[in-house]
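Q: With the sequences and hints as input, model every part of the structure.
If you read the sequences in order, they're chains W and V. The number in the working numbering is simply the position in the first sequence, starting from 1, with 75 added. The number in the working numbering is simply the position in the second sequence, starting from 1, with 75 added.
Check each hint, because a few of them may be wrong.
Copies of the same chain look alike in the list, so a pair counts if it works inside one copy or between any two.
[Said to hold, decoys possible] Cut-off 25 Å, straight-line C-alpha distance, at most; resulting in silico cross-link-like pairs (DMTMM-like, lysine to aspartate or glutamate):
#1 Lys234 x Glu109
#2 Lys102 x Asp144
#3 Lys180 x Glu348
#4 Lys117 x Glu352
#5 Lys219 x Glu326
#6 Lys249 x Asp285
#7 Lys160 x Glu352
#8 Lys137 x Glu322
#9 Lys362 x Glu282
Honestly, the hints are just simulated from the structure, not real lab data.
Number of protein chains: 2
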Amino acid sequence: MNKVFTFNRVTFIGFGLINSSLARIFKLKSLSKEICAYSRRKETRLKINDLNIVDQVYDDLKKSVENSDLIILGVPVGSMGDIVKEFSSSIKPGAIVTDVGSVKKGIIDSILPILSKDVHFVPGHPIAGTENSGPEAGFADLFKGRWCILTPNENTSKKAVETVKNIWQEAGMKVTLMDADYHDRVLAITSHIPHLVAYSIVGTVTELEDQLKTEVIKYSAGGFRDFTRIAASDPIMWRDVFLNNSEAVLEMLGRFIEDLTALQKSIRWQDGEVLEELFVKTRDIRKGIISEEQD
Amino acid sequence: MNKVFTFNRVTFIGFGLINSSLARIFKLKSLSKEICAYSRRKETRLKINDLNIVDQVYDDLKKSVENSDLIILGVPVGSMGDIVKEFSSSIKPGAIVTDVGSVKKGIIDSILPILSKDVHFVPGHPIAGTENSGPEAGFADLFKGRWCILTPNENTSKKAVETVKNIWQEAGMKVTLMDADYHDRVLAITSHIPHLVAYSIVGTVTELEDQLKTEVIKYSAGGFRDFTRIAASDPIMWRDVFLNNSEAVLEMLGRFIEDLTALQKSIRWQDGEVLEELFVKTRDIRKGIISEEQD
Chain W
76 MNKVFTFNRV
86 TFIGFGLINS
96 SLARIFKLKS
106 LSKEICAYSR
116 RKETRLKIND
126 LNIVDQVYDD
136 LKKSVENSDL
146 IILGVPVGSM
156 GDIVKEFSSS
166 IKPGAIVTDV
176 GSVKKGIIDS
186 ILPILSKDVH
196 FVPGHPIAGT
206 ENSGPEAGFA
216 DLFKGRWCIL
226 TPNENTSKKA
236 VETVKNIWQE
246 AGMKVTLMDA
256 DYHDRVLAIT
266 SHIPHLVAYS
276 IVGTVTELED
286 QLKTEVIKYS
296 AGGFRDFTRI
306 AASDPIMWRD
316 VFLNNSEAVL
326 EMLGRFIEDL
336 TALQKSIRWQ
346 DGEVLEELFV
356 KTRDIRKGII
366 SEEQD
Chain V
76 MNKVFTFNRV
86 TFIGFGLINS
96 SLARIFKLKS
106 LSKEICAYSR
116 RKETRLKIND
126 LNIVDQVYDD
136 LKKSVENSDL
146 IILGVPVGSM
156 GDIVKEFSSS
166 IKPGAIVTDV
176 GSVKKGIIDS
186 ILPILSKDVH
196 FVPGHPIAGT
206 ENSGPEAGFA
216 DLFKGRWCIL
226 TPNENTSKKA
236 VETVKNIWQE
246 AGMKVTLMDA
256 DYHDRVLAIT
266 SHIPHLVAYS
276 IVGTVTELED
286 QLKTEVIKYS
296 AGGFRDFTRI
306 AASDPIMWRD
316 VFLNNSEAVL
326 EMLGRFIEDL
336 TALQKSIRWQ
346 DGEVLEELFV
356 KTRDIRKGII
366 SEEQD
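A: Shown next as structure tokens:
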């Protein structure tokens, strides 16, 4: 595929797993003449310099975005609004702002009113990740074959949406458009609740008496081991996800706790039939996912 | 390592993921002159024949164990007692009986009273598995580097324990001894509760309205995808695990639901501090597991 776009100057705000992975792709594929990054923390800025991906590393937000035609927000969901407020007056007219946050409605509500009318905001969520965080955790293949969901509204420039779509396709993603609210409900189930449950169960283990805890860590296989991997994800990022998608998360969490409590009762009453029926039914969902991946 | 043991005749009762994997090792390493298998289902017996691992496949339980010096039980936890009852009179004096069940106390209570005094029962649990089941799902490397827990009591023959230990070491496992009750508590946390939670959350999804369910399956990444893999495990095996380890499972499940409900409250009250504190703490457990694996 020939590149149908190149930027003069792109700025990555925040340089964690997602942004640092995408920056690698910008570098490898020469998608921008100049690649810039801003990070609040000195330690992170030093790490970014060491990686040799970025041309300019800034500790000044406003300067970092000046003259950029593309600004990519990769900071925790709860910080997005404040950060954009700080640099919004420095954005070049006609520039595109996009983000990589796991929650869409809350971000749109906090960012859209701040931006001037001649700046295009295309909210986005590349569904990819590992349990690792920080600039050094990134890698160019992170996005390959995964979905990216963009949640523009009816006023968003079609051309800006197309440009952001092209970027994620260059990263190897399948891109789809979705309503922001709907995105947040889907992600509450596919990602937010599983993370919350994993955090919670690993938290339960941290409160066990010492000897039992030691044995649990030693003999953890299958199930719990997978949960600890999920529960090792970035704490600030996930705190913000739950605070900013609380409505959808609480709705699904309520349903889940109901179902779990029913299971608890089935075990107490030794009702094998109910257990077996559920365990057979859940296999079909897995089959659905596997066949989706083979499409 | 030189083999310090060989059997004349070994019988695998049941030929699912674990037993069929172990049988592959018996075959590869010539650990027994004759390898036999029993399966209740004709379909499974035909599959076993096709695999070319086993010398004799039986549909008659008693005949399958006659003259065997080692009998390995790999059937669902809830069937162990009935099956042993059916063939116990045919076991050769001095033979060793062992099992691979994920619950130990319940199995011991159902099997030990049935066996005659001159038969050695060494309860065992190789902690290894995948979400796949059946004879064709097995592979010789399944056990490599994993733990196997044996739960003999003070009357179990030391020599028999040593023999079973050698078998699992040949399979590449690290072997440890543990009290049966304690094993069941540890496994309730490391394996049974995570499976129950995964089954439950995938079950919650099966009850969503159709469109949302379709999108959830389509965009499932990270968290939920891992859960569906866990929740695709063998239904009968897991039904029996929960019915036979209900005490430890219910105790831990109670703690977990309490902790999850507290988290629910923190989200409702937008208490970011509590969330962050937990999410930082859970990372340490992961570090513990990683460093344990590097030992």
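Q: Against each hint, give a clear statement of whether it holds in the structure.
A: Hints versus structure:
1. Lys234 x Glu109: Within one copy, since 22 Å is at most 25 Å while 72 Å is not.
2. Lys102 x Asp144: within (16 Å within a copy, 65 Å between copies)
3. Lys180 x Glu348: Between copies only: 22 Å across, 41 Å inside.
4. Lys117 x Glu352: Classified as between: cross-chain Cα gap 24 Å, same-chain 55 Å, threshold 25 Å.
5. Lys219 x Glu326: neither (32 Å within a copy, 42 Å between copies)
6. Lys249 x Asp285: between (46 Å within a copy, 22 Å between copies)
7. Lys160 x Glu352: Answer is neither; intra-copy 53 Å and inter-copy 28 Å both fail.
8. Lys137 x Glu322: neither (33 Å within a copy, 60 Å between copies)
9. Lys362 x Glu282: For Lys362 and Glu282, only the inter-copy Cα distance (16 Å) is at most 25 Å; the intra-copy one is 36 Å.
Checked against the numbered hints above, the structure breaks hints 5, 7 and 8 and satisfies the rest.
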